[in-house]
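Let the sequences and hints guide you as you build the complete structure.
Below are the chains, spelled out letter by letter.
4 protein chains.
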Amino acid sequence: MEASQLERIAAQIQRSPFARSLGIRLEKLEEGHAVATMKVREDMLNFQGNPHGGAIFALADTAFGAAGNSHGTKAVALDMTISYVSAVEAGALLRAEAREESLGNRIGFYRITVTDQAGSLVANVQATVYRKREPLPGFDGS
Amino acid sequence: MEASQLERIAAQIQRSPFARSLGIRLEKLEEGHAVATMKVREDMLNFQGNPHGGAIFALADTAFGAAGNSHGTKAVALDMTISYVSAVEAGALLRAEAREESLGNRIGFYRITVTDQAGSLVANVQATVYRKREPLPGFDGS
Amino acid sequence: MEASQLERIAAQIQRSPFARSLGIRLEKLEEGHAVATMKVREDMLNFQGNPHGGAIFALADTAFGAAGNSHGTKAVALDMTISYVSAVEAGALLRAEAREESLGNRIGFYRITVTDQAGSLVANVQATVYRKREPLPGFDGS
Amino acid sequence: MEASQLERIAAQIQRSPFARSLGIRLEKLEEGHAVATMKVREDMLNFQGNPHGGAIFALADTAFGAAGNSHGTKAVALDMTISYVSAVEAGALLRAEAREESLGNRIGFYRITVTDQAGSLVANVQATVYRKREPLPGFDGS
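Sequence order for the protein chains is A, B, C and D. Per the numbering used here, the very first residue in the first sequence carries number 555; after that it's consecutive. Per the numbering used here, the very first residue in the second sequence carries number 555; after that it's consecutive. Per the numbering used here, the very first residue in the third sequence carries number 555; after that it's consecutive. Per the numbering used here, the very first residue in the fourth sequence carries number 555; after that it's consecutive.
Just so you know, not all the hints are guaranteed correct.
Identical copies carry no separate label here, and so any pair may be met within one copy or between two of them.
In silico DSSO-like cross-links for lysine-lysine, where the CA-CA straight-line distance does not exceed 30 Å [to be verified]:
| # | residue 1 | residue 2 |
| --- | --- | --- |
| 1 | Lys593 | Lys686 |
| 2 | Lys628 | Lys593 |
| 3 | Lys628 | Lys686 |
| 4 | Lys686 | Lys582 |
| 5 | Lys628 | Lys582 |
Please keep in mind that the hints were generated in silico from the structure rather than gathered at the bench. Note that the structure is predicted; figures quoted are calculated from it, not measured.
Quick look at the structure:
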C-alpha cells in the first residue's frame, strides 16, 4: 500500500465523531498497526472519580479500528476483551497501540495495549474483526 | 438493603461525568441488577458512520458498574468481553441490562445485554468485578 | 431441519475423540441449542486437586461446538471467554448448555453455562463462531 | 525466590493429572513466566478431525496456571479469553508461553500465546487470576 493511501485512511479515521469528541488523536497508522492517544478529561470520569472504563475502552477501540481498517477493506469488530490492569487518574495521557496478530481473508486478530505517560500498563485488549467484502470509501479500486 | 440506600447509590451513579456526557440514564437499580438507556447521537458515530463500539460499550459498562456497586461496596472492573452481535443505526435508543450471575466476598460475575428499541440483541457482555474492602461514600456503616 | 438430520449431526459430534476420552455425553441437540454432560474424573484434576479449568472448558466447548454446527454448516470457533464462577470438586457431574444468541450468514454468537448437579453456576462462557461455506459431511445437499 | 523453590513448584505442576493425561510437559518455569508443550494426539481431535479447542485451551491453561502459581501463592483463574487464530493438524507439536503482564496483591494479569513447531501463531489468550491468601503446599513460610 502506498503512503498516500494510508494517509487517506488515517484522515477518514480522524473524522470519527466519537473519537473527536473524546479528543482522541491517531498518532500513527501503518498496515496492521496503529497508535492513538487521549488525555483523560474531567468529563470522562466515572462516579467514583476514576477514568470511566468506557473512555479507556474507546481509546483502545479506536486504535484497534484503525489497525483493522488499515488495509483498505472495511472491518467490523466481533469480540473485544479488555482487562483493566491498573487504575489511572484524571488528567492522565493514555496511549493505545494496536498490533495485528494475524490477518485472513475474512477474519483478523489483534492485541492492543493501553499505557500511561510513564509507560505503565493500564489495560490489555484482545480483539477480533470480521472483514467485509467492501473497500473503504475511496478504495474501490477506481 | 433499604430502598433509600439504593436511591443514594443510584444518585451517585447518575452523577458520573462520562455517563452524563453520553446522555446515559440509569432507569433501574436493584441489588445485582441495573438497566441503563442511551440514545445514539451523531457525535457517537465512528468513521464508518455507525455507532462507535466505544459508545455501546460505555452504556453496557455503566449498567454493569451500577449492578456491581449496588451492594454499597466499591467494585472495580477486572475483565469485560463484548460481542457485537448486530449493527445499529444512528438515532437508535439502546438499553443495557446487567444481571449479577454470582457474588462472592471479593469477586462478582455479571452478564449484560444491549438491545435496541425493537428488543433486538445488539451486544452481549460478560464481565467480572473485584470488590474492594471499601464502602461507597456514605455507606461507611455510619 | 428434520429430526433425522439432527440425529446425524449428533452422531458425528458424539464421535469426537477428545469428547469421548473425557466421557462427555451430548444429551440434547436442537438447532442452535445443545446440552452436554461430563463427570469430573480423577484424571481431570489440576495440581491443586481441583477440576482442571481445561476440562471444564472442554465440556463447554463441546456443547458450543454442537450448537454451532447444528445447522449442518461447518462452524469453527473464533473467540471464547470463560469465567470460572465457582469451584467444583472431583466427582462432580457437570452440565453445559449452549444457546445461540444470534445467527448470521458467516458469524454466530453463543452463550454457554456450566452448572453442577445442584444447579449451581460453575462457569459462564461467551463465544463466537465463523461459519464456513461448507456443509458438514453428509449435508452437501445430496 | 530460590531456584530450588521454583523446582518444587514445577514438580507440583507436573503432577497435575489432567496435564499428564494430555502429555503436557512444563518446559520452563520462572517467576511470572512459563512454557509448556503438547503433541496433538489422535485422541485430542474434534468431530471435524481437527484438534479440539478444549485440548489447545488446556495447554494454554496449564502454562497460565504455572505462571500464575509461580510465586508460591495459590492462584485461581477468574477469566480467560482464547482466540483461535489458525488451524493446526493432528500430530502438531504445540508450545504455550505465558507471561505475567502485571501482578498485584490479589489479582494477576497474563497473556499466553500458543504456537506450532514452525512458530506460527495458533491461539492468543488473555487471562486473569485471583490470588488466595494461601501459600502453595510446602510454601507456608516454614
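We went through each hint and held it up to the structure:
Taking the shortest alpha-carbon separations for Lys593 and Lys686, only the inter-copy value of 27 Å comes in at or below 30 Å, while the best intra-copy value is 32 Å. In this assembly of identical chains, Lys628 and Lys593 lie within 30 Å of each other by CA distance both inside one copy and across copies; the values are 28 Å within and 25 Å between. Taking the shortest Cα distances, Lys628 and Lys686 sit within 30 Å of each other both inside one copy (6 Å) and across copies (20 Å). Only within a single protomer do Lys686 and Lys582 lie at most 30 Å apart by alpha-carbon distance; the minimum there is 24 Å, versus 34 Å between protomers.
Taking CA atoms no more than 30 Å apart as the test, Lys628 paired with Lys582 passes inside one copy only; the shortest distance there is 19 Å, against 37 Å between copies.
Consistency note: the structure conflicts with none of the earlier hints.
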